[in-house]
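**Q** Take a look at the letters that make up each chain.
Protein chains: 2
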Amino acid sequence: MTLPTTLEECKHWDERDPFAQTRAQFKLNPQLIYLDGNSLGALTHASVERTRAMIEDEWGHDLIRSWNTHGWFDMPQRLGAKIAPLIGAAADEVLVADSTSVNIFKIASAALMQRGTRHRILTELGNFPSDNYVLQGLAQLSGNAIEVLAVPRSEIAARIDASTFLVALTDVHYKTAELHDMRELTQQAHSQGAKILWDLSHSVGARQLHLNSIKADFAVGCTYKYLNGGPGSPAFLYVRRDLQTSHCPGLTAWMGHEAPFEFTEDYQPAPGMARFRGGTPSMLSFAALDGALDLWDDIDLREVRSKCENLSELFIARTANLTGNGLSLASPRESWKRGSHVALRHPQGYELMQALIARGVIGDFRAPDIIRFAITPLYLRYADIWKAADILGEALAHLSPTEHVARNPVT
Amino acid sequence: MTLPTTLEECKHWDERDPFAQTRAQFKLNPQLIYLDGNSLGALTHASVERTRAMIEDEWGHDLIRSWNTHGWFDMPQRLGAKIAPLIGAAADEVLVADSTSVNIFKIASAALMQRGTRHRILTELGNFPSDNYVLQGLAQLSGNAIEVLAVPRSEIAARIDASTFLVALTDVHYKTAELHDMRELTQQAHSQGAKILWDLSHSVGARQLHLNSIKADFAVGCTYKYLNGGPGSPAFLYVRRDLQTSHCPGLTAWMGHEAPFEFTEDYQPAPGMARFRGGTPSMLSFAALDGALDLWDDIDLREVRSKCENLSELFIARTANLTGNGLSLASPRESWKRGSHVALRHPQGYELMQALIARGVIGDFRAPDIIRFAITPLYLRYADIWKAADILGEALAHLSPTEHVARNPVT
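Those protein sequence lines, which keep their order, are chains W and Z.
First residue of the first sequence: 1, per this note's numbering; consecutive thereafter.
First residue of the second sequence: 1, per this note's numbering; consecutive thereafter.
Because the hints were derived from the structure by calculation, they are not lab data.
We put the beta carbon where it would ideally sit given N, CA and C, even for glycine.
Where hints are given, some of them may not hold.
[As the list claims (entries may be wrong)] Interface residues of chain W toward chain Z, partial, derived using beta-carbon atoms under 7 Å: (1) Gln21; (2) Gln25; (3) Ile55; (4) Pro129; (5) Gln136; (6) Ala288.
[What the hints assert, rightly or not] Listed below are the simulated EDC-like cross-link pairs for lysine to aspartate or glutamate, each with C-alpha atoms no more than 16 Å apart in a straight line: (7) W:Lys175 / Z:Asp57; (8) Z:Lys175 / W:Glu265; (9) Z:Lys27 / W:Asp390; (10) Z:Lys82 / Z:Asp300; (11) Z:Lys387 / Z:Asp57; (12) W:Lys27 / Z:Glu56; (13) Z:Lys215 / Z:Glu184; (14) W:Lys337 / W:Asp181; (15) W:Lys175 / Z:Glu265; (16) Z:Lys337 / Z:Asp181; (17) W:Lys27 / Z:Glu262; (18) Z:Lys175 / W:Asp62; (19) W:Lys215 / W:Asp181; (20) Z:Lys27 / W:Glu265.
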């Protein structure tokens, strides 16, 4: 792989970059090199305007009528249809609603009620904890009629068996960015008669996904990372079309009713994905996401991924020189095994990240020793990566060894 | 009760009104008489500014750091503390999170796991349907280990028995505005060893509530009606302090963990109300609500209620003259039995409401024959009510009898 070898070269690459215009659609803080887009994506001008319009022109002026005249009621489906091509799904298989946690609960509870004699949800030890907390809560609510088993990554495929009704995994590890083979694990689940639920929070908008092609059963994901939907923007869920009739969530509310405005006494699930809607959606958060999603009309995810690999390789290559200072790569070295962030390991990771933030390079820390840098090709430049690596070197050189002794390892 | 008897008198009353200045804090559409604040409250200038600040100054400029530096993380508790005095609760008993439906699920699932040998949730036939859909979903998820029984209003007290673990009611009927006696029903539930959950969606911000004084166990409510939080603004939930340790929701996620950022494998509920948090909250919707709640610092709910009764009585008195046209009062005639909206009945209710909306009077229709008018004293004037009654008379006089035959009853 050819990469720029000087800051000047980085700037030339940035001039030729297919996303140079895309960057202009973001309202960025020029004082920061922002490498935390996997925690909270940056603000687009479209989100500012779309939210203003919903608040002032729609809510303020047209009030309750906006649910119909401004299409609020259908936004969960409409935004789902915008996300569908990014994850390799059909428009009528994706819905935006609630939080990722609530959506995991809806899907896992639906799977629970269709489990037959199976009693186990299999997940990964070290999976994003909140996902597992949701599953554990469901198991407790079931009176331990089901159990949640978390096994190390290397054992997952082998541990899927006839007792497993659901495999729940995150395709990109939130710490190391290591990728799962989604196709193979999906096939393995199916070969044992289990269904699979993929949490795509760390990959949607960062790489191409192929849910239909790999025959994935279920998926969820958040929209405030690489989709730039804003803090706590609503999550999405995907249910493969042929499962939509047999599966109904255990958390049901009026927007998922087949006729919500008839106000009938008994719940009757809507046909299709609509049954996975919940209560009244937080429309202002939908507005910001709506604006941010418009960006994707003109974007080719293969180009996003290609630039992501370039930027990541550049960052890894330049930080490799710093390993004499206790820094090591926590992410896989091979691009094809890695998601869209780079994780480094350092015994003083917390202090190091604080020092970086003080210098205007924003990443984040995950205990005990991981520092994460998100690579967001839509608004990051080669020159940013070059400078971030320089600043990391400076910060490392100034770390106090006293703090090292006092704070490491974080327990 | 003395009421204005001419439009001129109404205008004099409006000049002396304690909420004349409050009205100026709303960004109202001057072309409308808005009587649908029980579906979606009006926009405040504070919500416009607070949302703009969160989007541009916080998200846009400070990005991920805003979770700490701008207090995003604590907003569920902070907004809960703002709502607490409006419902007669302590600050640490109220939390803002998710939707009303999700919050009902959290509480009902917590009660389910503490039910002992009891197996029944008792609710009202004709309760707001979505609440009952949530409970029905939970019963289905439990494999019918529990059941949901809905009985007519007059039978509720008598039907609470030793099989009942939870009574779930809405204090103001969403159609007729008829009030329950919250204190008596709470006592009745407790006398049978059951807990009670009150949905306060139609009363919070409209009248004084006394959850602690009546020893209510649980409550939920939405914030987009009389609290003006905006479309789908996040809901609140209340759990009496002494129940917070024993009760844990069946829907658990990282924000409810005792140490969310330690990312431990197993869920450990946070102490107190925090365990009732879910996934990452939709912050932009919190911002709008935050702005709207500031209004309440200077407002006495007794004055709100007093003006509400005046406006409602004026509306009922003036529309009573129209009963020759098939119109009748669906709400209780006595103020003390009525919430903060007035429901009328007409065989052509749907057409009548459409005709009113076309004339700039916005209320809503609930099948088969109810038209609702919300009385929101913070931004409604006596003159508005006077004119709305006149326009209702006009609309009635112009109703086409053909449509009557064709569309009534709505089925």
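**Q** Each of the hints needs a verdict: does it hold here or not?
**A** Evaluated hints:
no., hint, result
1, Gln21, "19 Å, violated"
2, Gln25, "13 Å, violated"
3, Ile55, "6 Å, holds"
4, Pro129, "5 Å, holds"
5, Gln136, "5 Å, holds"
6, Ala288, "6 Å, holds"
7, W:Lys175 / Z:Asp57, "29 Å, violated"
8, Z:Lys175 / W:Glu265, "14 Å, holds"
9, Z:Lys27 / W:Asp390, "50 Å, violated"
10, Z:Lys82 / Z:Asp300, "14 Å, holds"
11, Z:Lys387 / Z:Asp57, "42 Å, violated"
12, W:Lys27 / Z:Glu56, "8 Å, holds"
13, Z:Lys215 / Z:Glu184, "11 Å, holds"
14, W:Lys337 / W:Asp181, "9 Å, holds"
15, W:Lys175 / Z:Glu265, "14 Å, holds"
16, Z:Lys337 / Z:Asp181, "9 Å, holds"
17, W:Lys27 / Z:Glu262, "32 Å, violated"
18, Z:Lys175 / W:Asp62, "23 Å, violated"
19, W:Lys215 / W:Asp181, "13 Å, holds"
20, Z:Lys27 / W:Glu265, "37 Å, violated"
Violation of the numbered hints given earlier is confined to hints 1, 2, 7, 9, 11, 17, 18 and 20; the remaining hints are satisfied by the structure.
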